[in-house]
Amino acid sequence: MDNLHIYLPIAGISVNILLLLGLGLMVGFLSGLFGVGGGFLLTPLLMMIGIPPTVAAASDANQIVAASTSGTFAHWQLGNVDFKMGIILVIGGIIGGTLGVQLIKILRAAGNADFVIKIAYVILLGVIGSYMFLESLRSMRPQVSKPGETRPEKESWFTAFSRALPFAMHFDKSGITLSIFIPLIFGILVGMLSAVMGVGGGFIMVPVMIYLLRMPMHVVVGTSLFQVLFTCINVTFMQAYYNHTVDLIMALLLLAGSTTGAQIGARISHKLKADYLKIILASIVLLVMVKMAFGLLLRPGVLLSFGGGH
Amino acid sequence: MAIRNAAGWLYLLILILPVARDSAISGETPDTSTITIVPEQIRIGAFYNGVEVKVAANVASCDGAVIVLEGGSEEITLNKKGRVAVIWMNVAKITISGIPRVYILASSDELDEICSRDTQEEFRLGVESLRIPMDIKSDQPLTGAEFDQFLKLKIENGTYNTNNKVKLESTPLGELEVSSILPIPSKMPPGVYEIKLYCFRQGRVVEMQSAGLKIDMMGLPCAIMNLAEKNAAMYGFMAIVAAMMAGVIMGIVFSSLPGNKRRY
Chain A
1 MDNLHIYLPI AGISVNILLL LGLGLMVGFL SGLFGVGGGF LLTPLLMMIG IPPTVAAASD
61 ANQIVAASTS GTFAHWQLGN VDFKMGIILV IGGIIGGTLG VQLIKILRAA GNADFVIKIA
121 YVILLGVIGS YMFLESLRSM RPQVSKPGET RPEKESWFTA FSRALPFAMH FDKSGITLSI
181 FIPLIFGILV GMLSAVMGVG GGFIMVPVMI YLLRMPMHVV VGTSLFQVLF TCINVTFMQA
241 YYNHTVDLIM ALLLLAGSTT GAQIGARISH KLKADYLKII LASIVLLVMV KMAFGLLLRP
301 GVLLSFGGGH
Chain B
1 MAIRNAAGWL YLLILILPVA RDSAISGETP DTSTITIVPE QIRIGAFYNG VEVKVAANVA
61 SCDGAVIVLE GGSEEITLNK KGRVAVIWMN VAKITISGIP RVYILASSDE LDEICSRDTQ
121 EEFRLGVESL RIPMDIKSDQ PLTGAEFDQF LKLKIENGTY NTNNKVKLES TPLGELEVSS
181 ILPIPSKMPP GVYEIKLYCF RQGRVVEMQS AGLKIDMMGL PCAIMNLAEK NAAMYGFMAI
241 VAAMMAGVIM GIVFSSLPGN KRRY
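The listed protein sequences derive, respectively, from chains A and B. Using the numbering used here, read the first sequence as starting at 1 and increasing by one per residue. Using the numbering used here, read the second sequence as starting at 1 and increasing by one per residue.
Check each hint, because a few of them may be wrong.
Claimed, not checked - Using C-beta positions, here's what the derived DEER-type ranges look like:
#1 B:98 - A:45: 31 to 37 angstroms
#2 B:164 - A:4: 29 to 35 angstroms
#3 A:4 - B:163: 25 to 31 angstroms
What the hints assert, rightly or not - Straight line, CA to CA, 35 angstroms or less: simulated DSBU-like cross-link-like pairs of lysine-lysine:
#4 B:152 - B:137
#5 B:165 - B:196
#6 B:214 - B:93
#7 B:196 - B:54
#8 B:167 - B:80
#9 B:93 - B:187
#10 B:54 - B:214
#11 A:84 - A:273
#12 B:54 - B:152
#13 A:84 - A:271
#14 B:167 - B:196
#15 A:291 - B:137
#16 B:230 - A:118
#17 B:196 - A:118
#18 B:187 - B:80
#19 A:118 - B:187
#20 B:230 - B:214
#21 B:165 - B:54
#22 B:54 - B:93
#23 A:291 - B:187
#24 B:214 - B:152
#25 B:167 - B:187
#26 A:118 - B:80
#27 B:137 - B:93
#28 B:167 - B:152
#29 B:80 - B:214
#30 B:54 - B:81
#31 A:118 - B:152
#32 B:81 - B:137
#33 B:81 - B:187
#34 B:165 - B:214
#35 A:118 - B:137
#36 A:291 - B:152
#37 B:80 - A:291
#38 A:291 - B:54
#39 B:137 - B:214
#40 A:291 - B:93
Note that these hints are calculated values from the structure, not bench results. Note that the structure is a prediction, hence the values are computed from the model and not measured. Think of the CB as a built atom: it goes at the ideal place given N, C-alpha and C, for glycine as much as any other residue.
Start from the sequences and build out the full structure, keeping to the hints where you can.
Pasting the structure below:
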């Protein structure tokens, strides 16, 4: 096992090849299964094996490009990508990403940007995870209704609000009609969060598409991957150009695992019930939230840390 | 005459004193012993995972020896964590200067058994001796625990390391061979490092030798590093294209496998 190490020139350390392949495989599997980029899981895992935070975040974005290309490709073949919706989300994401970079500058100047980011993570993951978990449990319960009786679906406040907005557009693939502003605003919000948190944003966009945009689950996964792909292309280039923190060797090893994992995940996602998928994703989101919350509450072993990254 | 003689002796003493101190350090047989390092140069290639460097020297005699590998002096900015309400967060930034980037020490015994604390401080032996030249600046009041926390961080990081693995063995020629194996972590960046050997007799340094250790990058890591630093836009573009190609190739490979249905 000792001679299976590879030197990562940008990270400046050597790591076991099998470890990187394994991490990539695991995260790619989740990516294909749920339509999330996996950045929110892989970045902390890379930091745990000793990769500097800035290099972990940047190289992770690079490997997400591969995993989401592979995942988007697989879902496109299966007819699961709503390109119309995806393009609007990507436009919003680019606007939001640009605003997010400025937000980071302001937060850093104000001090403790890391803390704000972590707290934001814990709150966001907690709310999304809990909501998804409860919603999935509710929908898994057997419905008690008399034969022949159809219960009209209650219109949510959000649906009513979105109906009132101008520039309504029909999205054939998703089978929904929405104001163009809804996906654009969500794209901007996710783009901002992506820039601040250094992730693809799929784990935020998937619940938004399911619960707020009311898109069908199989289209959600493919469309989310499409948006994550373009967000991470932007992040990879910016990180490589401005910070020199993209470790290509590490990214290639991670993506060798993640692209394989993404394909396996995409295939399995079609064989699993949507409710099971939702409850598994909710559990993962909640686990990451709990880990991050403990990180904030427990006394660290060393009260100093190297600067940079989050 | 006596006064003139005394003045002459005093003048001679002033001239000789620095030489005497140097000779006390360099020992009685400075010309016959040389420090050997194997390998003398470390090349970081694609499968580099740190190495062990063997350091050895023949000396006349000593009862204790210390080998120190030091990197260049660096200034480092660290985040200091503190508790605010129930949450641990970064509460200040501290800048530490005057400390080596890498400090690896091997000794034949516990340092306190080999020489006094004053001697340790004089020759910068042991991580504790780094406390004096270190300069800490912060935008918040210092608590005094910063140095210990810094040591903990560097030891956990692997760039500071101490052990008692120096061997002292007699040779057939009546000399003493001082040797040790220094662990070089993969985190040690390329550069030129200095390895110093101190030999002690009854707590005094009787001999000091030094040699350089060069670490440089070669092959694929070197090419990637150069491209990333000198042509960042090309590197970023390459990283994106490589990732997308890998994704598409894997997609094609998997779609060609049996059981993959197309649905348009």
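Of all the hints given earlier, name the ones this structure violates by number, lowest first. 8, 17, 22, 30 and 38
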